[in-house]
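Per this note's numbering, residue 1 is the first one in the sequence shown, and the count goes up by one each step.
A few of these clues could be false.
[As the list claims (entries may be wrong)] Straight-line C-alpha distance at most 30 Å; calculated BS3-like pairs for lysine-lysine:
1) K72 <-> K30
2) K157 <-> K30
3) K96 <-> K61
4) K157 <-> K173
5) K189 <-> K208
6) K61 <-> K189
7) K61 <-> K223
8) K51 <-> K61
9) K72 <-> K58
10) K189 <-> K153
11) K65 <-> K27
12) K123 <-> K61
[What the hints assert, rightly or not] DEER-style ranges, computed between Cβ atoms:
13) N150 <-> H33: 47 to 53 Å
14) C69 <-> H91: 15 to 21 Å
15) N187 <-> A43: 40 to 46 Å
16) K123 <-> N201: 32 to 38 Å
17) E42 <-> L68: 22 to 28 Å
18) T211 <-> V169: 20 to 26 Å
Just so you know, these hints were derived from the structure itself, not from any lab. No residue lacks a Cβ here, since even glycine has one placed at the ideal position from N, Cα and C.
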Amino acid sequence: MNITELCYNLRLPYARENWQQLLREAKHTKQDHETFLANLLEAEWRLRLEKGQVRRIKEAKFPLKKYLCDFKRDKYDAVFLPKFEELEDLHFIPNKENIILLGTSGAGKTHYAIALGIAACMKGHSVLFATVPNLIVELKETMSNNALSNYRKRFEKYDLVILDELGYVSMDKSGCEMLFNLISSRNDKGSIIVTSNLTFNRWEEVFKDPTLTGALIDRLAHKAHIMDISRDKGGRFEETIAWLEHSNR
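Let the hints inform the model, and build the full structure from the sequences given.
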């Protein structure tokens, strides 16, 4: 077999496509064998790293891409800045700590949760994003297909699970119980980020059952970073005002 065939069989796509060009450059610059090999392997590793990041972001099922560099921290009370810095080092994931982001609509909860999730994917962590209403529908479908046990096992294996929009839609009793059991099965096995427009004392409006509500909060709040990032004027409100000002010019 020639070099191209060997690279194909060894699953080295960068080397397969570029070894001849790299070899010509090495001869031109008079690289020694060790430098040539190191450069080739580093390029292969970088390609594999990039592909892994792309794959993990795709598998996470984010509804859109949001990044930490675009999150405008200056719009929040300065008391949050140290906490933002702490969370963005992502140590909460190996520590299996949760994050609960509370706030009014447009406060930036989903943006920040997704941005943390994408940062986690870039660092090699497996992530799942789901809105709570969609998750309930999916759970009911898997239960009807007798696949709930397998779903729960997959749910437990993610390094980070993001549950968005808890509190926007009320759930029936079976939905509440399935969500509770799913979160309970993951407890202490991996991190969860929850976003909600309701403070804890209003979660009973969603789950109806005070005992179940208290038990769910107890599980999520254990080892959790809890932040209410409500703002007087949410991001969507500010975007609307800016649009109106622009359209009236």
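Find the hints from earlier in the document that the structure breaks and name them by number, from lowest to highest.
1, 2 and 11
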